[in-house]
Amino acid sequence: MDRQRTTYLLLLVSVVVILLLLSGPVLRRPGAAHSQSGPRLAGTERTASVAVRAERLVASTPCTGRFTRHALPHATTNGTAAVRMFNSNGSGLAIDDLDDDGDEDVVLANLAGPNSILWNEGKLVFRKQKLAHGDSRAVNIVDVDGDGKQDILFSRHTLPPTVWRNLGGDRFVEGMLPGVDGKVYATNWADVDGDGDLDLVAGAYDAGLEKDLGYNFMFTRSGGGLYMYENRGAEFVGQKLSERAEALALALPDLDGDGRPEIMVGNDFDLPDEVWRRSLGGWSLIAPFRKTTHSTMSFDLGDIDNDGVQEVFASDMKPYDQNVRTLAQWRPMMAQMPHKAFRGNRQIMENVLQIQGDNGTYRNEAYDRFVDATGWSWSAKFGDLDRDGFLDLYVVNGMIANDLFHYLPHGELVEQNRALRNDGHARFRHAPEWGLGSTASGRGMSMADMDGDGDLDIIANNLGKPAELFENRLCGGAALLVDLRQSNSPNTRAVGARLVLHTSAGSYHRDVRVASGYLSGDPSRIHFGIPDDATVRSLEVRWPDGAVSVAKSLDVNHLLIVTR
Amino acid sequence: MIGRHWESGGSFIRELRRDPLVQLLRPREQARLLLITSALGLVLWGTLAWQVGMPIWGATTMVLSLLLVPGARKWRADLRRHGVTVMVLSVILTMQGFHSLEHVAQWVQYHVLHWQPQRSSGLISAANAEWVHFIWNWSVVGIVVLLMVRGVRNPWAWLMLVWSVAHTMEHTYMLVRYLQLKQELGLLGVPQISAQGLPGILGRDGLLSTNPTLMRICGRVPGLTTTSRLDVHFWWNTGETLLLAAAAHRFLRTHLTRE
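Sequences listed follow chains A and B, in order.
The letter at position 529 of the first sequence is residue 528 when you use numbering that gives the first Met the number 0, and the numbering goes up by one with no holes.
The letter at position 178 of the second sequence is residue 177 when you use numbering that gives the first Met the number 0, and the numbering goes up by one with no holes.
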């Protein structure tokens, strides 16, 4: 090789190497930071004796490989002909067994019309009970007073939340939570201070308050922001953690594995999401995520790869395909969206899936795992819909806003809800064959076994159209449902407990929580999907106080009622 | 051999002077005029962009027009000295060089200055339009074919042809999508909304990244389906410039010696 050629080859190689090095982050291989570490459960290894009662689940209706849609007798209404911000945000719902008859009941919030309880009479027959008023956003079903009966909490537009205390049967009495005076939007519950009872965490939606109350609301004592209300039995004592909040979502995960929940606030617009950590010195902000959603609409946590570590999913707005017709519907609206300066901005306008690496840091892998784009997404939740042992994802979407989408018929961005099937490698595939592509503009959404046959059904609270129940008629798999009860604790449904089901096909991790997604309450009954050929070995329960119980000799397709 | 080659800076400079590309460039020949027009251009650019408030793309276009003067003189000299083929080669090398500089500017705006993607459109942002990219890239293909017909045929030139055709295919796909989106926006009654900036075949949200079969088989292919549009085109142009330079070097080495 002559010298001239060698010189130029060397120069060429140097240029390419320098450019490759500069583009390192762009070319990083997906999943490189993914953790394979095991569960990090905190607390002492005390054992707790429990009584386990098993009830056989009812036989499933013949499977069709699809979900069957049922309209429910409730529609969230706006009260005006044209939907404008922030009525576009609609309302949530919650699912739990309110009357202890073994069936999951549904509570749906409303804006202009009354809220509804749909009492589950079995076989997907519901009896509707109207509650006195609407004007509600989030719904939580939670035993507020520790009397063993599940109460209902509604957050409201411009007023503090109301609680409907359960008197048994279908009787409720409406009241306020003493000491809770914040005009809050998103709410969630956990034993945040570790004293055994459930505390309320609540975030305001400042933009909505400003629109309805004027800018002065900020200067009132109970104006916007983020609150932690400590449950002291007779009353709640509030602490304002953040002066500003645009909270559409709140999650209370234990991200650092110290046995105490952190507070994750999902803020709309440019206001960054926040994560608050409690230590001996009080609450402080931490930043575990390098990238977050821009307009965070919902949070959910789930162990999508069954490695014992929960992943964090947050939904945002991004067209779910690159079809020009879809993009044309989004473009004019996006051109109006305000964007802060780009430098140092951690926010991206697409869904994020935070996956913890070996060193404990999180990395967004939503794009790598095909869950970055699900439309104008609202409630998004994990659940093992096809009972193959892996958590799938369902996202409701769509938007109605005459001011934003004046160029679309009725000001509505019509989108199909997205069902995303976990392929067993923690990557997701769109599953239109499941028949879950409703276009009814869903807002709140939750999953539960509504017909007692062992699979997860889905209920969505739509804006302007009847709520929908999607009956799961997918084929294959088995299930185990678990109810936890703590008879000697004010936290009667063991919110914060973590469960591990060990099977021959792997171990599945779940936890008991009050709310997730967007404004939506979760059932306290835990669902495990089990692949066809797998056998159950044991169920491990780590109670909120760290004590552990193990149940063995379990049969599939049963509801276990585990009482401590 | 390499060690010996680098043992003194002086011998390297001598080698460089003998390089065919540098011989074609003849840096000393137009240096004075180039320096004067560059200095004038810089002053003009600063005045127009900072004092008059002209958009950066406008000021940059004015400066480029000024630089056409030494450029035209240089290409005329090339024509007289070496003939049409070398002159065309000289023109395309210069133009592609400037085009690549524009992509480097975009790259710096996005990765170094952390501007928003839609703001990171280089120095002549008005030229960052689908039509301009489409016409420019087809022109490059045409010129490469012309050069090959006129004897610039070597392995680098063939590689350059393949690369530039692939690059142009991507821009053709993007132009088709741009026109479709424009039509859709017109149907919605909002024709004033920009339809620029759609992903192409490669990169993040590109055609390959949304292909179900590919998704099933390989998931995300690092770089190929994950890189941003801005980076994709930075790489296309970096490759194109390097291949063009290599092809020109190989051709000129024999051609200039023969002269």
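No lab work stands behind these hints, which were simulated from the structure alone.
We treat Cβ as the ideally placed atom computed from N, Cα and C, and that holds for glycine.
Some hints could be false.
[What the hints assert, rightly or not] A partial selection of chain A residues facing chain B, derived with a Cβ cut-off under 8 Å:
#, residue
1, Pro61
2, Asp320
3, Gln321
4, Leu326
5, Asp367
6, Phe369
[Claimed, not checked] From the structure, some residues in chain A lie toward chain B, with a derived Cβ separation under 10 Å:
#, residue
7, Arg52
8, Arg55
9, Trp282
10, Val323
11, Arg324
12, Gln328
13, Asn344
14, Tyr406
15, Gly410
16, Arg428
17, His429
[Said to hold, decoys possible] Below 20 Å or equal to it, Euclidean Cα-Cα: the simulated SDA-like pairs (lysine to any residue) are:
#, chain 1, residue 1, chain 2, residue 2
18, B, Lys181, A, Pro408
19, A, Lys210, A, Gly280
20, B, Lys181, A, Lys464
21, A, Lys464, A, Gly423
22, A, Lys239, A, Gly307
23, A, Lys290, B, Val111
The hints, checked one at a time:
no. : hint                : verdict
1   : Pro61               : 30 Å, violated
2   : Asp320              : 7 Å, holds
3   : Gln321              : 6 Å, holds
4   : Leu326              : 6 Å, holds
5   : Asp367              : 5 Å, holds
6   : Phe369              : 7 Å, holds
7   : Arg52               : 44 Å, violated
8   : Arg55               : 38 Å, violated
9   : Trp282              : 31 Å, violated
10  : Val323              : 4 Å, holds
11  : Arg324              : 6 Å, holds
12  : Gln328              : 7 Å, holds
13  : Asn344              : 8 Å, holds
14  : Tyr406              : 5 Å, holds
15  : Gly410              : 12 Å, violated
16  : Arg428              : 7 Å, holds
17  : His429              : 8 Å, holds
18  : B:Lys181 / A:Pro408 : 19 Å, holds
19  : A:Lys210 / A:Gly280 : 36 Å, violated
20  : B:Lys181 / A:Lys464 : 32 Å, violated
21  : A:Lys464 / A:Gly423 : 35 Å, violated
22  : A:Lys239 / A:Gly307 : 33 Å, violated
23  : A:Lys290 / B:Val111 : 18 Å, holds
Hint check: violations occur at hints 1, 7, 8, 9, 15, 19, 20, 21 and 22; the rest are consistent with the structure.
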